[in-house]
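*Asks:* What follows is each chain in one-letter form.
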Amino acid sequence: MLVGKNASGGIAYGCAMVIKTIIIKIENEPATDVDFECQRFQHTLVAAKADINKLYEKVKKYVGDEEAQIFEAHSMLLDDPELIDTVEGFIKTNKWKASKAIDEAAKQFITLFESMDNAYMRERALDIKDVTERLLKKVLGLNFQDLSNLEEEVILVAHDITPSQFASLDHSKVLAIVTEIGGKTSHTAIMARTLEIPAVVGTKEATLKIKNAENIIVDGDSGLIEIKPNAQKLKEFEAKKKALLEVKTALEKIKNVPVQTKDGFALHLEANITSAADVSSALKNQAQGVGLFRTEFIFMDRSSAPTEDEQTEIYKTVLEKMEGRPTVIRTLDIGGDKNLPYLGIPKEENPFLGYRAVRYCLHNLPLFKTQLRALLRSSPAGKLGIMFPMITNLEEIIACRKLLEECRAELINEKKSVSNDIKVGIMIEVPAAALIADLLAKHVDFFSIGTNDLTQYVCAVDRMNENVHDLYDSYHPGFLRLTKFVIESANNAGIEVCMCGEVAADPKLTDVLIGMGLTHFSMNPASILKIKDRILKTDKKEAKIKAEKVVTLSTGEEIRNFLNQ
Amino acid sequence: MLEKKMVILNEEGMHARPAGAFVKTANEFKSAVEIRANGMSKNGKSLMGLMSLGLAKDSEITLVVNGDDESQALDKLSFLVQNKFQL
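So the sequence lines, in the order shown, correspond to chains X and G.
Numbering follows this note's numbering, with no gaps: position 514 of the first sequence is 514.
Numbering follows this note's numbering, with no gaps: position 25 of the second sequence is 25.
It should be emphasised that the hints constitute simulated quantities derived from the structure, not laboratory data.
Some hints here could point you the wrong way.
Claimed, not checked - Here are the in silico distance ranges between beta carbons for each label pair:
# : chain 1 : residue 1 : chain 2 : residue 2 : range
1 : G       : Leu87     : X       : Asp33     : 42 to 52 angstroms
2 : X       : Leu367    : G       : Lys57     : 22 to 32 angstroms
3 : X       : Lys284    : G       : Leu87     : 40 to 50 angstroms
4 : X       : Arg401    : G       : Ser41     : 51 to 61 angstroms
5 : X       : Val257    : G       : Leu87     : 53 to 63 angstroms
6 : G       : Asn66     : X       : Lys58     : 39 to 49 angstroms
Unchecked claim - One-sided and incomplete, this derived list gives chain X residues near chain G with beta-carbon spacing under 7 angstroms:
#  : residue
7  : Met76
8  : Asp80
9  : Glu82
10 : Leu83
11 : Phe109
12 : Leu112
By construction, the Cβ of each residue, glycine as well, lies at the ideal position given by its N, Cα and C atoms.
Okay, chain X solo, but in the shape it has when bound:
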């Protein structure tokens, strides 16, 4: 049995597909037979082309024309006389083996494209990288695992899954996910929860201990993985799966019930999303709005920032799909654990205390203004809220609002339409900002409490550091007291207050938060019904007494015990 962190709930039993990190070893020794190396290269080209054409057909059929075009371009690159001549030239002139020749040719073209002024052309370096890597793996006989075309249902076991790999997965074929690194708040975990795929992360040596094609049970609630389960374990699995299904069926029944406490106090349940595609799962779970659209994901896995037009299109799509429901879009929250190579943020000793989010954006105005303009341009399509992350002081709020007004004036000058009803809010995740929430409330339309970062900063714990991970505790009375203060400050000032971190989806804290006066909860779509169930069972008056009691207890342990009663 293996133990990892329970990152996304649910249970699955199936065949493991272990993704080994492939190390490409170039053959550096001189070629003994030049003709043979040329032939090897030609064979590789033919085989790679066949693969790509297959991919093209499949993606075209199942995903769409636009997504398939990338493979058409890849196929053309494989036909390219410049590429072929360069590789063959290297083999013949330098007496290099095929892999070395391909690698050097790739480097030459990648450097050339990366050095171009034009952002679009720099992006093409990625295509060349992708194609030449495919060639290298083929020529060296390394297995190429394409995750976008899974033939059967599998449980993916990998060292890590990047956001782009995750996006390209055929989600209907993935029963569960197991990774070796990452925590509950890593991107793999967040995306798995959105898609309701059970996941266990931070499972040490998973790719060594689980063999490919072995049957395993993955329990995303407990974080336990059973390799080659016996009859007894399988019986337990079936029972648990049945129980989960019953809970799910029960939750389905409350889907269309209004969100309010037992004593009739209305609340708002909203969704956290990372892309326009997530909107459907938000609506499926009856989200009343989007409390957090994390825009950094649209900046990832590319070699330059998305343009104003590209961003406008994405924000507009989300607003349109939300059909007039309130939609809060957060400006770029980059830095910390999410770096983008093309932004050139230097490596820092303490990235979480460093140059990130609004701190970075306020120093990089062209990038920031591009996003603000795109947000404003999309605003007529729905009910937009703009949220600034990592606010530390009032000066930052004033600077952000001023920029926003500048962008608005520019757009009106350019005769572009902008909504007059845009709410402007901030994330409360820096303790210094939380402690002056009463003062900041006068300058914004809403607060959103980012509990993941706020807990980390209040407890002074790096949540990725395994050695101090235990100190990261959202039940710490210090964290709960601060949360209460923020909620009360917002309520006193008459502004909206939302919570969009993991704590919002913790059913044990739902009534306590309602008792503190929280009105808006935003979470991954899969948790919405679970929290709704808690809300329906909560009595606001009792919750208030409970909230008052909780903040008088001295330890996280005491609070847990009290809430478990």
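Following the hints, put chain G in place on chain X, whose structure we already have.
*Replies:* Then chain G, alone, in the frame of chain X:
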């Protein structure tokens, strides 16, 4: 051998789609196709070659075609450039 001086007219310059269209068309002919611009000369049947010229809107190019079907090739390719890479 035939030569023709031309100007890139489409907004986005010689990006993947226009370059792709050019390469596809160039490959329909037996003649060798060459594009000269910015002091460089690249194989007109190579997507990477064309794109690496980094041609933006208003760039001046010279089309050079050499072979049995050179006049048909030049006609079709210059029409393509003229027509912003739409056939």
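*Asks:* Each of the hints needs a verdict: does it hold here or not?
*Replies:* Hint-by-hint comparison with the structure:
Separated by about 44 angstroms at the C-beta atoms, G:Leu87 and X:Asp33 satisfy the suggested range of 42 to 52 angstroms. Checked against the hint of 22 to 32 angstroms, the C-beta distance between X:Leu367 and G:Lys57 comes to roughly 25 angstroms, which is consistent with it. Against the hinted window of 40 to 50 angstroms, the Cβ-Cβ separation of X:Lys284 and G:Leu87 comes to about 44 angstroms, which satisfies the hint. Taken as a hint, the range 51 to 61 angstroms holds for the pair X:Arg401 and G:Ser41, whose Cβ atoms sit roughly 54 angstroms apart.
Here the CB-CB span from X:Val257 to G:Leu87 is close to 58 angstroms, well matched to the stated 53 to 63 angstroms. Restraint check, G:Asn66 to X:Lys58: a C-beta distance of roughly 40 angstroms satisfies the suggested window 39 to 49 angstroms. Because the beta carbon of X:Met76 sits about 5 angstroms from the nearest beta carbon in chain G, less than 7 angstroms, this interface hint is met. Interface hint at X:Asp80: satisfied, since its Cβ lies 5 angstroms from the closest Cβ of chain G, which is below the 7 angstroms cut-off.
Below 7 angstroms, beta-carbon pairs count as interface contacts, and X:Glu82 has one with chain G at about 4 angstroms; its hint therefore holds. Proximity of X:Leu83 to chain G holds as hinted, the smallest CB-CB distance being about 6 angstroms (cut-off 7 angstroms). Against a cut-off of 7 angstroms between C-beta atoms, the interface hint on X:Phe109 holds, since the closest Cβ of chain G lies about 6 angstroms away. Taking 7 angstroms as the C-beta contact cut-off toward chain G, the hint placing X:Leu112 at the interface holds, the least distance being around 5 angstroms.
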